[in-house]
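**Q** Chain A is fixed; fit chain W onto it per the hints.
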Amino acid sequence: MKIKVFYRQILATLLTLTGVVACGGNHDLKFKDEGLIYCSEGSPTSFNPQLDTSGTTVDATSHQLYDRLLEFDPQDSKIIPGIAESWRVSENGLHYTFQLRKQVAFHETNYFTPTRHLNADDVIFSINRWRLESHPYHDIDVSGYPYFVSLGLDKLIKDVRRINGYRIVIDLNKPDSSFLANLATDFAIILSKEYAEFLLEKNQPQLLDEKPIGSGPFKYINYRKGRFIRYAKHENYWKHDRAVKQLIYDITPSSSLRLAKLMTGECDVMSLPAHSELDIIRDRNNLVLDEKPGLNVGFWAFNTSKPPFDNPEVRRALAMGIDKTTLLEAVYFGSAVKANGLVPPSSWAFQEDLRDNSYNPVLAKDLLRKNGIEPGFTMNIWAMPVERAYNPNATMMAELIQGYLEQLEINVEVISFEWSLFRRRLDSGAHDSVLIGWSADNGDPDNFYRPVLSCAAIESGTNRARWCNETFDEIIDEALTYSDTDTRAALYQTANAIIADQIPIVPIAHAYRFQAYRQGLSNLEINPFGGIRFGDVENTQ
Amino acid sequence: MSFYFLRRLNLLVFTLFMLAMASFGLAYLFPGDYLTNLTGIHFESEQQRQLYATLYKESDGVFWQFIAYLDLLWQGEWGQSFSSNQPLYQEVTTYLPASIELSAYALFVSLVVGIPLGFLAGLRHNKLADYSILSMSFIGYSIPVFWLALILILILSLQMGWFPISGRISLLYYIPLDTGFILIDIIRSDVSYKWDAFNDALRHLFLPTLSISIVTSTIILRITRRSVIEVMGSEYIKAATARGLNRYQVILRHGIRNTIIPIMPQLALQFTTLLTNAMIVESIFSWPGIGNWLIQAIYQGDYPSIRSGMLAVSSLVVIFTVSIDIVHKIIDPQRLYRQRVKI
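As given, the protein sequences belong to chains A and W, one line each in that order.
For the first sequence, counting from 1, position 531 maps to 531 in the numbering used here; every step adds exactly one.
For the second sequence, counting from 1, position 248 maps to 248 in the numbering used here; every step adds exactly one.
Think of the hints as simulated: they come from the structure by calculation, not from any bench.
Each hint should be verified, as a subset may be incorrect.
The list that follows gives simulated cross-link-like pairs (lysine-lysine, DSSO-like), each with its CA atoms no further than 27 Å apart [claimed, not checked]:
| no. | chain 1 | residue 1 | chain 2 | residue 2 |
| --- | --- | --- | --- | --- |
| 1 | A | Lys102 | A | Lys233 |
| 2 | W | Lys238 | A | Lys225 |
| 3 | W | Lys194 | A | Lys245 |
| 4 | A | Lys338 | A | Lys365 |
| 5 | A | Lys233 | W | Lys194 |
| 6 | A | Lys292 | A | Lys306 |
| 7 | A | Lys78 | A | Lys174 |
| 8 | A | Lys370 | A | Lys324 |
| 9 | A | Lys245 | A | Lys202 |
What follows is a list of derived Cβ distance ranges for each label pair [said to hold, decoys possible]:
| no. | chain 1 | residue 1 | chain 2 | residue 2 | range |
| --- | --- | --- | --- | --- | --- |
| 10 | A | Glu329 | W | Phe146 | 49 to 55 Å |
| 11 | A | Asn110 | W | Phe66 | 53 to 59 Å |
| 12 | A | Lys225 | W | Ile326 | 38 to 44 Å |
| 13 | W | Ile151 | A | Asn110 | 53 to 59 Å |
| 14 | W | Ile151 | A | Lys155 | 58 to 64 Å |
| 15 | A | Asp139 | W | Phe14 | 50 to 56 Å |
Cβ coordinates follow ideal geometry from the N, Cα and C atoms, glycine included.
So here's chain A without its partners, still in its complex pose (with noise of 0.2 Å):
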């Protein structure tokens, strides 16, 4: 008998311990409630959006830290004001005049303290910094500033003059219709003067782009790489102070995991859900899926400064042997455009006529082996490690292609590093191809071509074609010059039909873009522009 009590005894004992380890249950917990949490697909390469044109950063950084002197309306991408309360055009097109908004206060951080509001002073240091070679910060990162180099900003601007303490001109070299709405651009922040001034001082320069000020919805608190950033309100924040306390941006590369944490509440807000996924989160009733037709385009870039794909002809071949309707299927999962050029449909430069190469493997082969290219070449083909909204699954679209040009009778290697590495090898112009893209930062189509193909774009690391035509280049110069948008199509067209005939890119496609969320979130919009914004959004459950 005794024994039986003694099995008891540590049965009973067993079932207690279970109880211990397991209480926890699903409480509701209030503190949590004030907060945001948002799984973010990687790490921001720095705190400060000039730096660096890759989403991730921009989504991290852009419009929860910082003010832009304009922003776009992310309904009907018009410009509205931002620190610039008001603005003037001159009537040659020369001199922009903006007055700015009065009591902008920066982030109080325990690095920090302002002592003075947002001024002309500080817009003309934003501005200057990247404009001047000379300006004291202008060397402190190595970056170059590749937005603004890519688009040539910094030689269009001519002087930025301080008329009073909350009015400035800038003076531009020419006419630039785009100027505008490059100053809305998830880049063109404002830093705060006052602190840069204070960390000159301390000698520590780079802290700037390490340790943010800025002046919006939230600042800083901490950040480890690869894990999490750590946003809390700014209280005194110009536009309202309706902000959720905390903003944490939970980095999880993996997409599948990134949706988990959505279904099981770690995550409020999810950034890029793969295509492949998209019908879990419908059937899901406490998740949202938003959808838009995004700014962007996917495409397939050669390397045209390495042999033997600096041959035209060569590309073409390429570009016919694959065919753009399956990768569409397979990788996008119809969710996606078939791309001809680089401006997607929703833009007014959309070239509707424009012809594609139609996928024919017989004449490709024909024109592969006239250019001297035997059976059994190998080529490389980068696939980018990381989903994009222009390009949800580089690595399987590699894959693919790999089948066609097995069948033109070209080995492919599919390369793929760390993102950052893979960028930084990128940039050094190792890869015979690549897959990649691009995503608007703002409604203008110089946005996509200059960025994506012009010479100055090699420099600054955004044209991976390496290419580099004159009259191209021309072109879309010239179109800046006029503001009369049918003028501005009718030369991009021109451009349209260049890249048609070179082939330094094949587009593939332009996708949509999605959004997930958990229901109960409000004001959380696709921005068709860039950078994803949490300074609006409220916890209404």
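**A** Chain W in isolation, oriented as in the chain A frame:
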């Protein structure tokens, strides 16, 4: 006795020395400049490289380089990571406690579950209870950890929504890092949401601990069972029964102590198996431990991190093993080494 300790100590020092040597060798075996692999710095100028070349005694030949390397290791100068540019000593000391913590809780759970079940099976040797526990343990032992972890996630998190699947605590709770052990840090912190955070941390611990401890529990169960059978068949137990003690008294007075003491080192040594399993489970549950960190380092080709991570983990295992051995020798000096390592 002191000769024994000296021998253990000698073994410890020699093994650590070999490990240091291997890690030093890695710097040469990895692609790229060996000095870059050691320091983790991509040199921008020749002067800068020269500075480190003097520090690491590059011109003095491999032997002196190794001595300089040991010296720097001892001072905590482990170089810096390629990817985060943080000092590696600091990185390792932030990530290692998370792994140790997970393994420690898993070991605790395994002991709490494994030993009683082992007793039960051992005492009911060759009866139904024994067979069923044994076959269950076979199943538990045969399940791969990573598969089990995924199944647990699928059922308990994605289907039922009971437990979170990643990290140590919801990121919304800001707990200042102090000891690196999350539960201790929460208790020591003075934040208003202390108990919410503690609760949240426990829920985060549940699945990873469960997935690791299932395998270890079965091992501990089997070790215990074997020892119980051995002890219960021995002469002094028969003598105790003959003296008129009932079975309950026999087990309590003679059985437990004599069963546990000889297998104690074996049980403690499961910690190293746990640590290995924990590394796999860490990457599934995004647990910010050393295993997850090492895997990231491998992905990114971060050679300095791989080198120092390997060194830190293997040193920990070696030091732990030798200390257990010494402690056991103090508690139970009669037993021979041969008997102690037998499973």
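**Q** Each hint needs a verdict: does it hold in this structure or not?
**A** Comparing the hints with the structure gives:
no.: 1; hint: A:Lys102 <-> A:Lys233; verdict: 20 Å, holds
no.: 2; hint: W:Lys238 <-> A:Lys225; verdict: 63 Å, violated
no.: 3; hint: W:Lys194 <-> A:Lys245; verdict: 18 Å, holds
no.: 4; hint: A:Lys338 <-> A:Lys365; verdict: 24 Å, holds
no.: 5; hint: A:Lys233 <-> W:Lys194; verdict: 21 Å, holds
no.: 6; hint: A:Lys292 <-> A:Lys306; verdict: 38 Å, violated
no.: 7; hint: A:Lys78 <-> A:Lys174; verdict: 23 Å, holds
no.: 8; hint: A:Lys370 <-> A:Lys324; verdict: 24 Å, holds
no.: 9; hint: A:Lys245 <-> A:Lys202; verdict: 31 Å, violated
no.: 10; hint: A:Glu329 <-> W:Phe146: 49 to 55 Å; verdict: 32 Å, violated
no.: 11; hint: A:Asn110 <-> W:Phe66: 53 to 59 Å; verdict: 43 Å, violated
no.: 12; hint: A:Lys225 <-> W:Ile326: 38 to 44 Å; verdict: 40 Å, holds
no.: 13; hint: W:Ile151 <-> A:Asn110: 53 to 59 Å; verdict: 44 Å, violated
no.: 14; hint: W:Ile151 <-> A:Lys155: 58 to 64 Å; verdict: 60 Å, holds
no.: 15; hint: A:Asp139 <-> W:Phe14: 50 to 56 Å; verdict: 51 Å, holds
The structure does not agree with the numbered hints 2, 6, 9, 10, 11 and 13 stated previously, though it agrees with the rest.
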